[in-house]
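Q: Sequence:
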Amino acid sequence: MKRCPQCNRVENDDALVFCRADGTALVSDSSSLNSEADTAALGSAAVASEIETSVLPHTTDAAMSRSTAPTAVLPAASTGTTGALAKPQRRRLGITIAIIAVAVVVIGAGLYKLFNRSQPRKAISFASAKITRLTTTGKATRVAISPDGKYVVHVEDDGGQQRLWTRQVATQSNVEIVAPAAVTYESLTFSPDGDYIYYSISSQNIPQGGLFQVPTLGGAPKKVLVNLDSRDTISFSPDGKQFAFIRDDVGKEFALLVANADGTGERKLVAHKNPPESIGYPTWSPDGKVIAYIVLNHDTNDDTVFGAQVADGSTKPLTSQRWFRFSALAWLSDGSGLLMLATPQQQFVRQVYYLSYPEGEAHRLTNDLNDYDGMSLTADSNTLAVVKRETQANVWIAPTGDANRARPVTAGSGKNDTELTFAPDGTKIIYKSNASGDDDIWIVNADGGNRKQLTANARVNGYPSVSPDGRYIVFMSDRNGVPHIWRMNIDGGDQRQLTNGSGEQSPQFSPDGRWVVYRKAYGKATVWKVPADGGEPVQLNDKYSTHPTVSPDSKLVAYRYRDENSPWRIAVAPLEGGEPLKTFDLPATFGVPLRWTPDGRALAYVDTQKGVSNIVAQPLDGGAVKQLTDFKADRIFWFDFSRDGRQLALSRGTQTSDVILIRDFR
0 MKRCPQCNRV
10 ENDDALVFCR
20 ADGTALVSDS
30 SSLNSEADTA
40 ALGSAAVASE
50 IETSVLPHTT
60 DAAMSRSTAP
70 TAVLPAASTG
80 TTGALAKPQR
90 RRLGITIAII
100 AVAVVVIGAG
110 LYKLFNRSQP
120 RKAISFASAK
130 ITRLTTTGKA
140 TRVAISPDGK
150 YVVHVEDDGG
160 QQRLWTRQVA
170 TQSNVEIVAP
180 AAVTYESLTF
190 SPDGDYIYYS
200 ISSQNIPQGG
210 LFQVPTLGGA
220 PKKVLVNLDS
230 RDTISFSPDG
240 KQFAFIRDDV
250 GKEFALLVAN
260 ADGTGERKLV
270 AHKNPPESIG
280 YPTWSPDGKV
290 IAYIVLNHDT
300 NDDTVFGAQV
310 ADGSTKPLTS
320 QRWFRFSALA
330 WLSDGSGLLM
340 LATPQQQFVR
350 QVYYLSYPEG
360 EAHRLTNDLN
370 DYDGMSLTAD
380 SNTLAVVKRE
390 TQANVWIAPT
400 GDANRARPVT
410 AGSGKNDTEL
420 TFAPDGTKII
430 YKSNASGDDD
440 IWIVNADGGN
450 RKQLTANARV
460 NGYPSVSPDG
470 RYIVFMSDRN
480 GVPHIWRMNI
490 DGGDQRQLTN
500 GSGEQSPQFS
510 PDGRWVVYRK
520 AYGKATVWKV
530 PADGGEPVQL
540 NDKYSTHPTV
550 SPDSKLVAYR
560 YRDENSPWRI
570 AVAPLEGGEP
580 LKTFDLPATF
590 GVPLRWTPDG
600 RALAYVDTQK
610 GVSNIVAQPL
620 DGGAVKQLTD
630 FKADRIFWFD
640 FSRDGRQLAL
650 SRGTQTSDVI
660 LIRDFR
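So the sequence shown is residues 0 to 665, counted in numbering that gives the first Met the number 0.
In case anyone wonders, no lab produced these hints; they're calculated from the structure. Check before you lean on any hint, since a few could be wrong.
[To be verified] Listed next, the in silico EDC-like pairs over lysine to aspartate or glutamate satisfying Cα-Cα at most 16 angstroms (straight line): (1) LYS625 / ASP311; (2) LYS554 / ASP493; (3) LYS625 / ASP562; (4) LYS288 / GLU252; (5) LYS240 / GLU276; (6) LYS427 / ASP446; (7) LYS138 / GLU389; (8) LYS554 / ASP584; (9) LYS414 / ASP446; (10) LYS149 / ASP379; (11) LYS523 / ASP333; (12) LYS138 / ASP311; (13) LYS542 / ASP192; (14) LYS288 / ASP248; (15) LYS272 / ASP333; (16) LYS240 / ASP298; (17) LYS581 / ASP643; (18) LYS272 / ASP248; (19) LYS542 / ASP511; (20) LYS267 / ASP286; (21) LYS631 / ASP157; (22) LYS272 / ASP298; (23) LYS315 / ASP372; (24) LYS251 / GLU535.
[Unchecked claim] Okay, the calculated beta carbon distance ranges per label pair: (25) ASP490 / LYS149: 25 to 35 angstroms; (26) PRO237 / LYS149: 18 to 28 angstroms; (27) PRO407 / GLY239: 48 to 58 angstroms.
We put the CB at the ideal spot given by N, CA and C, even for glycine.
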């Protein structure tokens, strides 16, 4: 039998703890609160009351009164107890409760840590994963999977015209949600609720990049933000109210910013001075506290992973390991680590890695010759969507203007022979190939005989150019950690460095043999020249430029350039330096390299339409662009004219890229 000391109600059910009338803690009817044992018992009841309230959010008002007014469990006075003793009892009760609460917290924390130490983290492995090819067109370039895994959106590139498709994974039904256009989709991201797709594009009309939003199953696209680094994905906060993105202030800094989901309320979180650093691929942690991102150090020419605290913008490396290049980064749902797409050593074949957090230890999950891009994870991290790209290219040669007589010079599958150039007499072709497993310079006779590897140092070597007397080859190499211009004999001997700046690439001899023209590799890429025997470099322009090429008479240099808010164009300027003499528009289907025609009257480049590449030329007199080849199939990745203009060397082959799903790898 129990009694309520407040209203004196008697309860016969000994299982009751609180009075059904007013919620006061019941006491034994045969005793009053005159001992420390009773006080301890009531203290336990009060703790039980508070625990009940905290774990049951929808309790009744009576229960709430028990937890929010703990002193109500003590009677104002009981039989045989004076008012003078009531206050010390209350103090003893408070102390008892505090001791019990602290003990519970300490013991619980200790057990949690002990349990977690005794339970090793489950290794991430693709060994038993289920892999499904989702597309078979060979034209996918970007991908994202919805948080629930029910939908996949991907970009399809049909020869310069790109469009967006949404596929329902269960039914394999496709819906075109954005029609084909002459744009480049750089990134795709689902909103956290899966209702919208955010995508960034670059085009002739939006050279600085733009972020758009479109409903998952189609609708009118809406512009969200401009002036962001469109090459990088955005990443939403766990509550979906904000997203992180990268902005490139060319030649000044790369910044990590946070904005509201509608693009308003921008806030700069982190800035890295450029040069020497650029950043990219932000991803927001599941607990909302850290944004991980990639930092490329141009001085050491490698990448690593940093973390920025959302609260104050402070940063620190998340690993001591470094990679050559990254192209994706994503947190696992439990915050135990990240998946990454990175290139091992000095190669351009991206593989999938796992980076543990906070330990910062990495291990490789894929190990093949394929190139992976556009990684995306479901909310539970049980399914990974990624683009798998396979490139096959060989050296071909054809009489200029007669594609029907083209013949292969090199052969073999699973390799990429590219960045080629003729020797001055047209009897040899020098090119870059990954046939050895690394990117090296090779030489071969024009008839396919006497193939020889000229560099071998497990680094990237490329962009060869032969001196007009046929004695030397200049090329780009990053064997010292940073890309510089090197020179070697035509047989590969006497290799020595010509430049020693912050990073240089795309070298080309001037036809008179006096100069080597090149571009800066990092920061604001500008055109420079250096004496062929080495010496002091000379800057030729102040525009963001790529792929410089010298005219046959060595008087002019042409290059592709763009201003901060303008599309890519071709400029023709004096080799001595100065402002452009002529400029020309470029189509969205433009492909590198840029080359003078042997007669010096036009500039040629690759143009790819509906997956088929041909060589076209822009006359210097401003006439219409003229098609020089008439191939009906395959892609052209590089080309060069012989000095006499009679032959055309081509890097030609296929490139297929499709979406694959990797499931149950955890």
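Q: Please write out, lowest number first, the hints stated earlier that are contradicted by the structure.
A: Structure breaks hints 1, 2, 3, 4, 5, 8, 9, 11, 12, 13, 14, 15, 16, 17, 19, 20, 23, 24, 25.
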